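Enquirer: If you read the protein sequences in the order shown, they are chains Y and G. Okay, so the first sequence: first residue is 1 according to the working numbering, each after it adds one. Okay, so the second sequence: first residue is 1 according to the working numbering, each after it adds one.
Hints are supplied without guarantee of correctness; some may be wrong.
What the hints assert, rightly or not - Listed next, the in silico EDC-like pairs over lysine to aspartate or glutamate satisfying Cα-Cα at most 20 Å (straight line):
no.: 1; chain 1: G; residue 1: Lys20; chain 2: Y; residue 2: Asp64
no.: 2; chain 1: Y; residue 1: Lys172; chain 2: G; residue 2: Asp24
no.: 3; chain 1: Y; residue 1: Lys172; chain 2: G; residue 2: Asp125
no.: 4; chain 1: Y; residue 1: Lys44; chain 2: Y; residue 2: Glu20
no.: 5; chain 1: Y; residue 1: Lys23; chain 2: Y; residue 2: Asp49
no.: 6; chain 1: G; residue 1: Lys20; chain 2: Y; residue 2: Asp155
no.: 7; chain 1: G; residue 1: Lys145; chain 2: G; residue 2: Asp102
no.: 8; chain 1: Y; residue 1: Lys134; chain 2: G; residue 2: Asp125
no.: 9; chain 1: G; residue 1: Lys4; chain 2: Y; residue 2: Glu103
no.: 10; chain 1: G; residue 1: Lys145; chain 2: G; residue 2: Glu87
no.: 11; chain 1: Y; residue 1: Lys159; chain 2: G; residue 2: Asp117
no.: 12; chain 1: Y; residue 1: Lys159; chain 2: G; residue 2: Asp160
no.: 13; chain 1: G; residue 1: Lys4; chain 2: Y; residue 2: Glu116
no.: 14; chain 1: G; residue 1: Lys4; chain 2: Y; residue 2: Glu176
Rather than coming from a laboratory, the hints here were simulated on the basis of the structure. Treat the numbers as computed from the prediction; the structure is a model and nothing was measured.
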Amino acid sequence: MEDKQIVDLYWARSEAAIEETEKKYGRYCHYIAYQILYNDEDAKEIVNDTYLKTWDTVPPGRPDPLKPYVGTISRQLALNRYEAQNTQKRGGQVPLVLDELSECIPDHDSGIDIGESIALRDALNRFVRSLPDKTQNIFVRRYWYSSSISEIANDYAMKESSLTVLLLRTRKKLKEFLNKEGFEV
Amino acid sequence: MTNKNIYRELGGLDPDLIAKAAPDVAQKKSVNKPWIKWASLAACLCLMVVGALTIPYLQNEPSHGQGIMVPLNTLPQAETMSIELVEWDWNGFRGIVVDAGDNSIFPAGDELEVHFDDGTEILLDDGTVMVFNTRESDTNAIGWKEGTIVAVKFATYDEDRTLAFASYVEVKK
Chain Y
1 MEDKQIVDLY
11 WARSEAAIEE
21 TEKKYGRYCH
31 YIAYQILYND
41 EDAKEIVNDT
51 YLKTWDTVPP
61 GRPDPLKPYV
71 GTISRQLALN
81 RYEAQNTQKR
91 GGQVPLVLDE
101 LSECIPDHDS
111 GIDIGESIAL
121 RDALNRFVRS
131 LPDKTQNIFV
141 RRYWYSSSIS
151 EIANDYAMKE
161 SSLTVLLLRT
171 RKKLKEFLNK
181 EGFEV
Chain G
1 MTNKNIYREL
11 GGLDPDLIAK
21 AAPDVAQKKS
31 VNKPWIKWAS
41 LAACLCLMVV
51 GALTIPYLQN
61 EPSHGQGIMV
71 PLNTLPQAET
81 MSIELVEWDW
91 NGFRGIVVDA
101 GDNSIFPAGD
111 ELEVHFDDGT
121 EILLDDGTVM
131 VFNTRESDTN
141 AIGWKEGTIV
151 AVKFATYDED
161 RTLAFASYVE
171 VKK
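Chain G on its own, in the form it takes in the complex:
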């Protein structure tokens, strides 16, 4: 089996999945405009040169040995903030900072994504601690509803300041 097999067999996805994800093509144009392509390429080359000279990149998943390069920063020690949970995802949630706490990165009112990594500790409502495993764990098992205020401890965040990798989370008391 090859990656091409997967790509082709994805063509057999159920119609409702295909329809649900459909892009809004009314606003999109798919005309081949070579001059745009060359202008974009020139701009990309400039950005690559600037980026190579000025931006340090860290591999974002050292525990797995391979990954894609995204700019990440790490604090000297973990900081804590309170976030209102807006929407769950399979590996974390999207939320809004309601109390910046002692954190120096995300002010109150900021929208961000909180990602759980391998080893993120989650204090569940029954007092037990779930240690998140990206291969097995499921955020559905945590059970916190949208609107819950969650205390998040983190040390790693992305350079765009839209993403925090939590080391510990619990419902704010």
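Bound conformation, chain Y alone:
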């Protein structure tokens, strides 16, 4: 079913909207949640919560496309649970990803207000868009989807060593970019 038709079902308050979302994006949302929580049961709960939140927000929203919309919800919910449960002890990619990102900025215990949050989000979008296509996709796979190095290397037919070097250099570029943008690094 096309995304527009699924969204129409949400607007019609038809429960078929949930069924169709699950059919089309259930595995996608589960993947995102699992990469963060590293637990199948927790990931399933996040996916169900994703359907609920989508039901609550559509309408008034009319997301187009629907995939990144539900994906973003899954990511946010999974991150919230991760931080609440201190799940890093289970393993998974998040501790590794955070460790890599700490090269861009050290883990000072300094807060960020909503203005900085919005500015950072805008800057990150501009940075990612400035990257060449393949590097862009690989960066998003690693730091948005939290996919493992081995999985990304396999999907892009790269050696893991080459991929690691590519990500290292991209993180350095990100650090320089954030410095130029005036963020405290």
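Position chain G relative to chain Y; hints supplied.
Expert: Structure of chain G alone, referenced to chain Y:
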């Protein structure tokens, strides 16, 4: 601001960027299988012991003082080969060796990535030399199209023989 802020705010990436990079999850399973985890851990431990005993590692970016450890080799003197440019990246390009020249590492037909490092010299079409700077330079400014045959001089390459760090590049005449 912390690394966690960056990780969380990456959640606000534009939908088209997220959608474009999405993995093909139809083939992937995310079920927690502890026995696979323990078997993988045992295999990793074996590899680590073997690796520590037999493989010399060099830090790959000495000019920056820190980096990740990847196995690199350095030739006693630079060697040259000709590569057909297949796809640009921000710090180099992917290509196929069309003429192995005097190089002893990459035979004709090999696919590899050519990386530009700080100090890589690039002879541009207007006769000027661009000295690559990983913090500032942009391969978009070089202007060579896919299919161009590029002469690459290098001395450092990765142990897997998929990556060459160029010291000098120019369009092959």
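Enquirer: All hints, please: hold or fail.
Expert: Hints versus structure:
no., hint, verdict
1, G:Lys20 with Y:Asp64, "holds, 14 Å"
2, Y:Lys172 with G:Asp24, "violated, 28 Å"
3, Y:Lys172 with G:Asp125, "violated, 29 Å"
4, Y:Lys44 with Y:Glu20, "holds, 16 Å"
5, Y:Lys23 with Y:Asp49, "holds, 16 Å"
6, G:Lys20 with Y:Asp155, "holds, 14 Å"
7, G:Lys145 with G:Asp102, "violated, 25 Å"
8, Y:Lys134 with G:Asp125, "violated, 26 Å"
9, G:Lys4 with Y:Glu103, "holds, 12 Å"
10, G:Lys145 with G:Glu87, "holds, 9 Å"
11, Y:Lys159 with G:Asp117, "holds, 19 Å"
12, Y:Lys159 with G:Asp160, "holds, 8 Å"
13, G:Lys4 with Y:Glu116, "holds, 14 Å"
14, G:Lys4 with Y:Glu176, "holds, 18 Å"
The structure shown violates the earlier hints numbered 2, 3, 7 and 8.
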